[in-house]
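Novice: As a plain string of letters, each chain reads:
There are 4 protein chains.
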Amino acid sequence: MIIPGQFVLTLSCPDRAGIVAAVSNHLAAQGGNIIEAQQFGDAETGRFFMRLVFEDTERDLDALKQGFDAFAQTLAMQWTLRNRAQRRRVMLLVSKFDHCLADILYRWRIGELPMDIAGVIANHPRETYRHIDLDGIPFHYLPVDRNSRADQEGVLEALIEQSGTDLVVLARYMQILSNDLARKLAGRCINIHHSFLPGFKGARPYHQAYRRGVKLIGATAHFVTAELDEGPIIEQDIERVTHADTPEDLIRIGRDIERRVLARTLRLYLDDRVLLNGSKTVVFHS
Amino acid sequence: MIIPGQFVLTLSCPDRAGIVAAVSNHLAAQGGNIIEAQQFGDAETGRFFMRLVFEDTERDLDALKQGFDAFAQTLAMQWTLRNRAQRRRVMLLVSKFDHCLADILYRWRIGELPMDIAGVIANHPRETYRHIDLDGIPFHYLPVDRNSRADQEGVLEALIEQSGTDLVVLARYMQILSNDLARKLAGRCINIHHSFLPGFKGARPYHQAYRRGVKLIGATAHFVTAELDEGPIIEQDIERVTHADTPEDLIRIGRDIERRVLARTLRLYLDDRVLLNGSKTVVFHS
Amino acid sequence: MIIPGQFVLTLSCPDRAGIVAAVSNHLAAQGGNIIEAQQFGDAETGRFFMRLVFEDTERDLDALKQGFDAFAQTLAMQWTLRNRAQRRRVMLLVSKFDHCLADILYRWRIGELPMDIAGVIANHPRETYRHIDLDGIPFHYLPVDRNSRADQEGVLEALIEQSGTDLVVLARYMQILSNDLARKLAGRCINIHHSFLPGFKGARPYHQAYRRGVKLIGATAHFVTAELDEGPIIEQDIERVTHADTPEDLIRIGRDIERRVLARTLRLYLDDRVLLNGSKTVVFHS
Amino acid sequence: MIIPGQFVLTLSCPDRAGIVAAVSNHLAAQGGNIIEAQQFGDAETGRFFMRLVFEDTERDLDALKQGFDAFAQTLAMQWTLRNRAQRRRVMLLVSKFDHCLADILYRWRIGELPMDIAGVIANHPRETYRHIDLDGIPFHYLPVDRNSRADQEGVLEALIEQSGTDLVVLARYMQILSNDLARKLAGRCINIHHSFLPGFKGARPYHQAYRRGVKLIGATAHFVTAELDEGPIIEQDIERVTHADTPEDLIRIGRDIERRVLARTLRLYLDDRVLLNGSKTVVFHS
Chain S
1 MIIPGQFVLT LSCPDRAGIV AAVSNHLAAQ GGNIIEAQQF GDAETGRFFM
51 RLVFEDTERD LDALKQGFDA FAQTLAMQWT LRNRAQRRRV MLLVSKFDHC
101 LADILYRWRI GELPMDIAGV IANHPRETYR HIDLDGIPFH YLPVDRNSRA
151 DQEGVLEALI EQSGTDLVVL ARYMQILSND LARKLAGRCI NIHHSFLPGF
201 KGARPYHQAY RRGVKLIGAT AHFVTAELDE GPIIEQDIER VTHADTPEDL
251 IRIGRDIERR VLARTLRLYL DDRVLLNGSK TVVFHS
Chain H
1 MIIPGQFVLT LSCPDRAGIV AAVSNHLAAQ GGNIIEAQQF GDAETGRFFM
51 RLVFEDTERD LDALKQGFDA FAQTLAMQWT LRNRAQRRRV MLLVSKFDHC
101 LADILYRWRI GELPMDIAGV IANHPRETYR HIDLDGIPFH YLPVDRNSRA
151 DQEGVLEALI EQSGTDLVVL ARYMQILSND LARKLAGRCI NIHHSFLPGF
201 KGARPYHQAY RRGVKLIGAT AHFVTAELDE GPIIEQDIER VTHADTPEDL
251 IRIGRDIERR VLARTLRLYL DDRVLLNGSK TVVFHS
Chain E
1 MIIPGQFVLT LSCPDRAGIV AAVSNHLAAQ GGNIIEAQQF GDAETGRFFM
51 RLVFEDTERD LDALKQGFDA FAQTLAMQWT LRNRAQRRRV MLLVSKFDHC
101 LADILYRWRI GELPMDIAGV IANHPRETYR HIDLDGIPFH YLPVDRNSRA
151 DQEGVLEALI EQSGTDLVVL ARYMQILSND LARKLAGRCI NIHHSFLPGF
201 KGARPYHQAY RRGVKLIGAT AHFVTAELDE GPIIEQDIER VTHADTPEDL
251 IRIGRDIERR VLARTLRLYL DDRVLLNGSK TVVFHS
Chain Y
1 MIIPGQFVLT LSCPDRAGIV AAVSNHLAAQ GGNIIEAQQF GDAETGRFFM
51 RLVFEDTERD LDALKQGFDA FAQTLAMQWT LRNRAQRRRV MLLVSKFDHC
101 LADILYRWRI GELPMDIAGV IANHPRETYR HIDLDGIPFH YLPVDRNSRA
151 DQEGVLEALI EQSGTDLVVL ARYMQILSND LARKLAGRCI NIHHSFLPGF
201 KGARPYHQAY RRGVKLIGAT AHFVTAELDE GPIIEQDIER VTHADTPEDL
251 IRIGRDIERR VLARTLRLYL DDRVLLNGSK TVVFHS
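Protein chains in written order, with the UniProt record's numbering: chain S, 1 to 286; chain H, 1 to 286; chain E, 1 to 286; chain Y, 1 to 286.
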């Protein structure tokens, strides 16, 4: 997936005639060869979204950015440009249940997830994850209780900042971030919620699902916002369950859903396929 | 699926040791040969559920019922016994959108749904469904507005009663039954709701889903109760959607989910595979 | 889906740098506003595929075609250009089982499938489909036996030609087309095969699946070629089955898979989303 | 899932009237309380299959076996009886790709798979799996080449025997067992094949799938028999793919299918839910 000399451009702007051609033209004029282009015009909001992958063998990222900036301003664009070979730094937050953590680490190790891991932050000690080979990844034990919450979030924020973290992943991290931190991390903090949102928000969703007697359970990956479990949804999936499944069965079945939904979401995000559109997302699948 | 001389027994009772053997034994002692047996003990409520299919070439339904009654009382059972060859009478209620109606009629015609159709009741005139061959099935036009609601429900109830209806199916019938009628039809009135409950209760669920930006939409078949969209869930299914799907796309995609969820539910119900368990269901799949 | 003034362009050509920009640029220069653009470079064959939707309020189809032709030749393109408002004419072929026919007609009637139906050709008499309202669609009864096969195929071909048919759909038509006719209809004749190809080619696939004891059964929509069940696959889907399902159960479950796979395929084709790539297809999902 | 004092009985025998009642009755007469009972009569072969879970607080496994033996003979039964608390010993065989191995070990560690691991046998050295914490599980490096094949299989067989292995799992073990060993392990050796059988038997199935242009890929868990990839199928699953997926993408997507299909199969097997029925299986889902 990572090829030197390939760049990914994402942009959004007010929709108007001619954007696709204008962007294509601009990149071609600079010597770029477009490999992939996807776009979406949101008829409801009048906003336009685009993702392009192009090759450029002559310019580096800075030159390309400089070349794009003036053009982007004429269309009032919000945009990002990334060298596909440049890996993002991802910080993994985890609580007691480590199935998502173990799964992400395995996929990262075999090359499924093109990223660097900035660290693992847990509110349980290293011993809890003793069977997991962290392979030199920094581990930070950050126990949280009522009194320490504010202080520990300060430490958390400092760790994110000092480690050069691009993306924070709440990989079944069961502590709620403050509104303030949620806002600071807007668009670069992803949570995996163990229900098919908007059903079963909040605590113990599998127990809620058991009580309601649903025939499918699910998991939802979403951006974290100040409103709990209300952030823009990126990816969801479900599994079939029956009356015979206990809450413990739902939890077990749910582990599989959670880890595959989170892994898919990470791959999408790392390939710049997830764009924010207000309280929703635009996800350009391949 | 319908074989003369085959009977289906469903029962529920307080759980205790020995029920499976006691029931098996009782049926065998009467000369029945058990073909299928499924059971479920709800550890939370202490209630036991069972479904048996057996052949009996000597006794008819009445004799079998008589033979079972005294035994059932000793275990405080609620039970039903049906000759599998005896078709249930089903009343179909429909509003403007007829995809579920057309689908049910097609499946019934080719033998997928072993039932007799007692009639079709619609709050739109016969002309709305002019392309559908009702093949002699009684059609009742029952327009409803604010003033006529109570009167028309009286007519509806009379039609259900006079036609010997066993099961009422709200096949995208967009009128809400009164609490009183909902209670009278408890356990024998099924609705198809066009969302993955408990998400998006109430009106215009596809528009709700669009606004929330979910990545899966669904449909839910449930028993009708006095609480809107809160009845025991029987069956659910979903389809994947994307940011590019408009509310109209969701409605189109949803039609497919609705009709297959409702058709599966009908098949399950008609084969006595759906048992009520308080606010939940026990569904014995084959 | 059908909007006057919208055009769909599909093309394929040898891959080289700059095609996306060149095409975008060409359309924009002519006054077209690109709404959607999808592309795929097949690294194995070195062939490039593209689909564009654009609006043009000044030119009609002929003018646009004229304008595109010279440009297309410079890149050795194969291409099609269609006014999205111009419906294709579809001929439906059916044998005894009419679930796909009934389903397609229903979807067409409510506007899910933007096409005109050129006719229905069946090797069973009209009486077989007596419950289906053809609504004035020409019906042709073309019984086929060993001796009449060649003659009847001549009639079939004439019907296709005289009716201005753009696409032939074998909607569970159980007669095999001659190699000659298959070649003549290359790229515009679609079959629904009742197995998850390449498993269970040929006759009675559900019985084959039953004997093999598979846990999933499927259906496959593909272009018809001279090699039976070997044509380019467009769409597939599956359902879960169990040891308890008889061949008759598989046939019943399969009906649902067949009709949804065929309906999806038709929608994709009618929106110019299906491109041939040798023995495979490129399918641009929305 | 493992509860002391619970026993699982599986049996098969020629079908005849009264078996369910006879078995239920026999167990009850001995003091057992039946918790679950599932049965299947294969109309094609005339063979009957049953699985029962019962509690018995008075007898141990030997007493129960003795009590059942004479009864079973009267019905010509093949049967197994297991104390649910008694874990099976499972030997894991693996080649270079360790995603199934890592997944099984994780699930075993957190209690999803109630088994003891007798050992890991690999044709690659321990170093290949250096990131996996084997936690004291014996590891056997058994490199295989053309000349050593027969000798190494002797070692393999000895390891299986000496370790008291009940079940052998080929967790992406890419060496083919000899017909002789396959026969010796009949019914207790499971393989995960990386295609949706019977499509794409043999080597490099994902490359085969890519060339055929299928729109779904799958994996199949089956009992190993002397005929390669022809053993009784236990479980299958699929994922959707597109024209844009390269063989490497299919391999990546396939890893997820393989590991979940194998894990489900193991759970089913360990709970005595998988019965052999000639070249097919009976799988009693919960």
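Simulated from the structure, these hints should not be mistaken for laboratory data. Be aware that one or more of the hints could be misleading.
[Unchecked claim] In the EDC-like style, the derived pairs of lysine to aspartate or glutamate whose C-alpha atoms are separated by at most 16 Å in a straight line are:
{"id": "1", "chain 1": "E", "residue 1": "LYS280", "chain 2": "E", "residue 2": "GLU248"}
{"id": "2", "chain 1": "E", "residue 1": "LYS280", "chain 2": "E", "residue 2": "ASP135"}
{"id": "3", "chain 1": "S", "residue 1": "LYS280", "chain 2": "S", "residue 2": "ASP62"}
{"id": "4", "chain 1": "E", "residue 1": "LYS280", "chain 2": "E", "residue 2": "ASP62"}
{"id": "5", "chain 1": "E", "residue 1": "LYS280", "chain 2": "Y", "residue 2": "ASP229"}
{"id": "6", "chain 1": "H", "residue 1": "LYS280", "chain 2": "S", "residue 2": "ASP62"}
{"id": "7", "chain 1": "Y", "residue 1": "LYS280", "chain 2": "E", "residue 2": "ASP42"}
{"id": "8", "chain 1": "H", "residue 1": "LYS201", "chain 2": "H", "residue 2": "GLU227"}
{"id": "9", "chain 1": "H", "residue 1": "LYS280", "chain 2": "H", "residue 2": "ASP60"}
{"id": "10", "chain 1": "S", "residue 1": "LYS184", "chain 2": "S", "residue 2": "GLU227"}
{"id": "11", "chain 1": "S", "residue 1": "LYS280", "chain 2": "H", "residue 2": "GLU157"}
{"id": "12", "chain 1": "Y", "residue 1": "LYS280", "chain 2": "Y", "residue 2": "ASP229"}
Since the model is a prediction, treat every value here as computed from it, not as a measurement.
Novice: State the violated hints by number, sorted upward, taking the hints as numbered earlier in the document.
Specialist: Failing hints, ascending: 1, 2, 3, 4, 5, 6, 7, 9 and 11.
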